[in-house]
Amino acid sequence: MEFKDALKNQTLSREDTINITKKYIEINRYLFAQKTIYNYLKTNKFEEELVEILADIYNFNGEYKKAKKLYSTIYKKSKNDDFKHHIIQKIKKTEERIELSKNQIKLAVVVNEDEDDFLDPIIKGINYDYWVKKYIIPRNYARFLNFLSRALKNKIINKKLYKFILKITHKKLNKALKWADIIWVEWATDNAIAASLLKPNSKKLFIRLHRYEAFDFYPLLIEWQRVDNLVIVNNYITNIFNERNVNIDKRKFILIPNGVDLNRYGYCQHLQGFNIAWISHITPMKNLHLALEILRILLEIDDRYILHVAGNFTDLVYKKYIKQSIKNMNLVKNVIFYDWVNDINEWLEDKNYLLSTSVCEGHPFNVIEAMAKGIKPVINNFCGAELVFDKNFLFNNIDEAIKMITRDQYDSQLYRNYIIEKQWTEKDQVDKFKRLIEELNKNINISL
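First residue of the sequence shown: 1, per this note's numbering; consecutive thereafter.
It should be emphasised that the hints constitute simulated quantities derived from the structure, not laboratory data. Some hints could be false.
[As the list claims (entries may be wrong)] Subject to a maximum C-alpha distance of 30 Å in a straight line, what follows is the list of computed BS3-like cross-link-like pairs (lysine-lysine): (1) K93 / K66; (2) K35 / K69; (3) K106 / K160; (4) K124 / K102; (5) K124 / K66; (6) K23 / K90; (7) K124 / K427; (8) K171 / K106; (9) K159 / K171; (10) K35 / K106; (11) K66 / K35; (12) K69 / K178; (13) K178 / K250; (14) K90 / K35; (15) K442 / K167; (16) K76 / K102; (17) K178 / K160; (18) K93 / K42; (19) K102 / K35; (20) K153 / K252.
Construct the entire structure; sequences and hints are all you get.
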């Protein structure tokens, strides 16, 4: 059973379901773990170990009463005295958490289904200090909301009608706005537009923008005067906003780069070699064809080079083009596709280089993951790259990329230390989010 196929498979065994669910939690993909359990329970009888994990996930998501109810159900149904004692301890801890939450800042995190890739490690780092609830927007409603945003952009509907429709239909966002003291909207897209228009004046709102949103229509529709802060991962975003005349007070920008868990991404000494990693959803923006051109030249030097591609195609035309290019360039034996890889840490173990060919990035997580493991980065000099990475990690053309890969200079400890010195660790990231939340909370108290 392939890990990546777990969500599609409705006939997993009990053991496979438990193992895959635990693996998802280990890599901080709680929603995937929850979906895997739901899939199993649809067609199988009550399984106390899986239901316990589900209750743990509810706890993680800030649904403490829901978690307590599920633990209680497990306790009533279990016939194992030792297990019942174990569950009683969890019930007590959940009751303590419920009491603690009564005096904590309430933080709602609003994100579309399957777009929470970067969230769970941060939530794990802050959800004892605050009462954090994730509000997952279902995929179908997210499509409808995008349709509404485009209708607003094209002036098919006005703001008054847009807000009226949202108040009736956007149930998850409305619940978040009603419940929370502070609202965090992940991605500066449709939910950010909606939240900026619907947010009560007594609430605080911040949005996190990753990269692509800055170039789209969304920032032009967000009511920035009603947004307290915009979290960015690269200062280059401020330049884009200036160029596009986005009406936002520059003091609202907060730079919080991505952070990697140094404990999970274990360091080891890497050396020159022939295994080149390329990690991303495969879109024209990510420019995989440039990686093929680089590989083609490398093979003229040594035919042992292999390009390992971890990612899924999202564009059928581009997929056909890439597959045809591989064939036409005689690269079939030297390119391996892995589809989407959930455990990148393990996958990177035997890789020698991380090749990033994207034409535009915010703060590429794949690069800092690899550097944390001691793997040499070879990064296309995308717009804003010089604000993030040392010039020694950047290439401007194919010849420079070839030299970076083939020359003797390789220093795993340097790459790891670079992450630490730049404060691109998960701990640094969590601490910065805590400071932001505390500052917003001070402003709430002042306004009251």
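Cross-check of the supplied hints:
{"no.": "1", "hint": "K93 / K66", "result": "holds (14 Å)"}
{"no.": "2", "hint": "K35 / K69", "result": "holds (19 Å)"}
{"no.": "3", "hint": "K106 / K160", "result": "holds (29 Å)"}
{"no.": "4", "hint": "K124 / K102", "result": "holds (19 Å)"}
{"no.": "5", "hint": "K124 / K66", "result": "holds (18 Å)"}
{"no.": "6", "hint": "K23 / K90", "result": "holds (21 Å)"}
{"no.": "7", "hint": "K124 / K427", "result": "holds (11 Å)"}
{"no.": "8", "hint": "K171 / K106", "result": "holds (18 Å)"}
{"no.": "9", "hint": "K159 / K171", "result": "holds (18 Å)"}
{"no.": "10", "hint": "K35 / K106", "result": "holds (25 Å)"}
{"no.": "11", "hint": "K66 / K35", "result": "holds (17 Å)"}
{"no.": "12", "hint": "K69 / K178", "result": "holds (24 Å)"}
{"no.": "13", "hint": "K178 / K250", "result": "holds (28 Å)"}
{"no.": "14", "hint": "K90 / K35", "result": "holds (22 Å)"}
{"no.": "15", "hint": "K442 / K167", "result": "holds (29 Å)"}
{"no.": "16", "hint": "K76 / K102", "result": "holds (27 Å)"}
{"no.": "17", "hint": "K178 / K160", "result": "holds (20 Å)"}
{"no.": "18", "hint": "K93 / K42", "result": "holds (29 Å)"}
{"no.": "19", "hint": "K102 / K35", "result": "holds (29 Å)"}
{"no.": "20", "hint": "K153 / K252", "result": "holds (24 Å)"}
When the structure is compared with the earlier hints, no violation turns up for any of them.
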